[in-house]
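Participant: As a plain string of letters, each chain reads:
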Amino acid sequence: MGYIFDLRGVLSGQYFDWFLIGLAVTIALTCAAWCLAMTMGIILTLIRMIPFRPFEWFVALYVEYHRNVPLLVQIFVWYFGVPSLLPRPARQWINGHHGEFLLATIALGLAAAAYVAEDIRSGIRSIPKAQNEAARSIGFGYLGAMGYVVLPQAIRIAVPPLINQTLLLFKNTSLAMAIGVGELTYRTREVESYTFKTFEAFAVATAIYLAISFGIMACGAYAGRRLKLENA
Amino acid sequence: MIQFESVDKWYGAMQALAGVSGEVRRGEVKVLVGPSGCGKSTLIRTVTRLEAIQGGRVLVDGVDVGARGVNINRLRQRVGFVFQAYNLFPHLSAIGNITLGLTKLRKMGKAEARERALAELARVGLAAKAEEMPGKLSGGQRQRVAIARSLAMDPEVMLFDEPTSALDPEMVGEVLAAIKQLATNGMTMICVTHEMGFAREVADEVWFMERGAVVERGRPADLINSSAHPRLQRFLRTLA
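Protein sequence lines correspond, in order, to chains A and B. Going by UniProt numbering, the first residue of the first sequence is number 1, and it counts up by one from there. Going by UniProt numbering, the first residue of the second sequence is number 1, and it counts up by one from there.
Check before you lean on any hint, since a few could be wrong.
Unchecked claim - Within a straight-line C-alpha distance of at most 27 Å, the following computed DSSO-like cross-link-like pairs (lysine-lysine) qualify: (1) LYS110(B) to LYS136(B); (2) LYS110(B) to LYS171(A); (3) LYS180(B) to LYS136(B); (4) LYS129(A) to LYS136(B); (5) LYS129(A) to LYS197(A); (6) LYS171(A) to LYS129(A); (7) LYS104(B) to LYS136(B); (8) LYS104(B) to LYS228(A); (9) LYS136(B) to LYS228(A); (10) LYS129(A) to LYS107(B).
Stated by the list, open to error - Derived coverage of chain B by chain A (criterion: at least 3 residues anywhere in the stretch with Cβ under 8 Å from a Cβ of chain A; other residues may be distant): (11) 28–38; (12) 69–78; (13) 88–95.
In case anyone wonders, no lab produced these hints; they're calculated from the structure. Every residue, glycine too, gets a C-beta built ideally from N, C-alpha and C.
Whenever a hint applies, use it, and build me the whole structure from the sequences.
Facilitator: Written out as structure tokens, the structure reads:
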């Protein structure tokens, strides 16, 4: 016993800066992977809507791989596996340009894209067929009915689950420490090993993760209320 | 205006329409009645190819609706369709429901589209509700907005698929009044309904359908009061 909880040690001087740098990298990683996830998720949704079986199979395979293989393994595949398949100049380029950040972004973004594609698809599925029929009856073609009537409603329905995916993505960025990305968890380990204030260091990290997670959840709750549509 | 030429429609092994023929001339009002499942909704849905047919032809203004190369989207702009369940777009206000087609399909300017939409809303007595979201409107109001949405596209024909069946009784009158007014102004229309009082007032002809076929047709007064049509009389008694 006799342990004295004291945050001053881990929050002073350079250690405070390490937390800030870690947080900045975590946020950058979240944002970059998020953009990739949304883009790829929408592309997957569009591919799946093309009535050609092999495309559907491709998307199904994509989704199943990313949902069923542990995320850490996916990150290792990208960090250790993929570069070894590339030609030497490409490998050198990656190593010279924060390869670990780049490859972590790809791994996290592509994995989240599988979930994003599922959320958008279930949003589209939840719009009654009659809505499409009504739009077609006014004279809209397939794309017009989709773009002006079905998708605007589907996106409203998909926003709350998509915000949930954002939250998961944010938390999953901590796995990137395993390949040496200097994000918040990685920096916390550093602070801990320099100060030996294990509990304090992780208390600070926990508080930061919690604060941002609550922020994202609050956005989700607000969006859910704002975007809710009454049936018509 | 609309011709059905021995139209056949199958759902798998079930025949929904069995050789239906008939004609709707410009300015005429036809009312389709019959027990549920008799094919009356299916028949009017074939007019804008919401249902594909397997035999016969449906012609609108002499054009075969099912023919290859027909611009079905253009044709649908000329044929208004009002659904039993209104099918308003819940993410758009009442006026937004109406201006969507005007601005995106008719390429009207925003101000002009709004003006036109307001005129249509005023016609069905809802100018004051223009900015309301559909979820805040009553069933009768929603259906009147749906009618205004169709009318804004300047259709030459209006098709009504049981427009009052989903409404509470006290709202049936306001919707029927809007349809009656259209009929009085000479709109060509086919209306599927169980409202026999309405049929008597506005229909030029009533078609009574059973098992996918039109089994009786005639002026409403003749059909409704006559004892010569036992199957129709039996059906009408079930409505009363």
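Participant: Each hint should be assessed against the structure and marked as holding or not.
Facilitator: Now the hints, each set against the structure:
Among the hinted pairs, LYS110(B) with LYS136(B) is consistent with the structure: their alpha-carbon atoms are about 24 Å apart, no more than 27 Å. Under the criterion of a C-alpha separation no larger than 27 Å, the hint pairing LYS110(B) with LYS171(A) is inconsistent with the structure, at around 45 Å. Of the supplied pair hints, the one linking LYS180(B) and LYS136(B) holds, its CA atoms being roughly 25 Å apart against a limit of 27 Å. A hinted pair counts as satisfied when its Cα atoms are at most 27 Å apart, and LYS129(A) with LYS136(B) qualifies at roughly 22 Å.
Restraint check: the Cα-Cα separation between LYS129(A) and LYS197(A) comes to about 59 Å, which exceeds 27 Å; the hinted pair is violated. Taken as a hint, the LYS171(A) and LYS129(A) pair is broken in the structure, with Cα atoms around 37 Å apart against an allowance of 27 Å. For the hint pairing LYS104(B) with LYS136(B), the CA-to-CA distance comes to about 25 Å; that is within 27 Å, so the pair holds. Only pairs whose Cα atoms come within 27 Å are accepted, and LYS104(B) paired with LYS228(A) is accepted, the gap being roughly 25 Å.
For the given pair, LYS136(B) sits about 13 Å from LYS228(A) by alpha-carbon distance, which is consistent with the 27 Å threshold. For the suggested pair LYS129(A) and LYS107(B), the alpha carbons sit about 26 Å apart, so the restraint of at most 27 Å is met. Residue count for the region 28–38 of chain B with a Cβ under 8 Å from a Cβ of chain A: 0. That is fewer than the three needed, and the coverage hint is violated. Under a criterion of three residues with beta carbons nearer than 8 Å to beta carbons of chain A, the stated coverage of the region 69–78 of chain B is upheld, 4 such residues being counted.
For the region 88–95 of chain B, the assignment as covered by chain A holds, since 4 residues bring a beta-carbon within under 8 Å of that chain's beta-carbons and 3 suffice.
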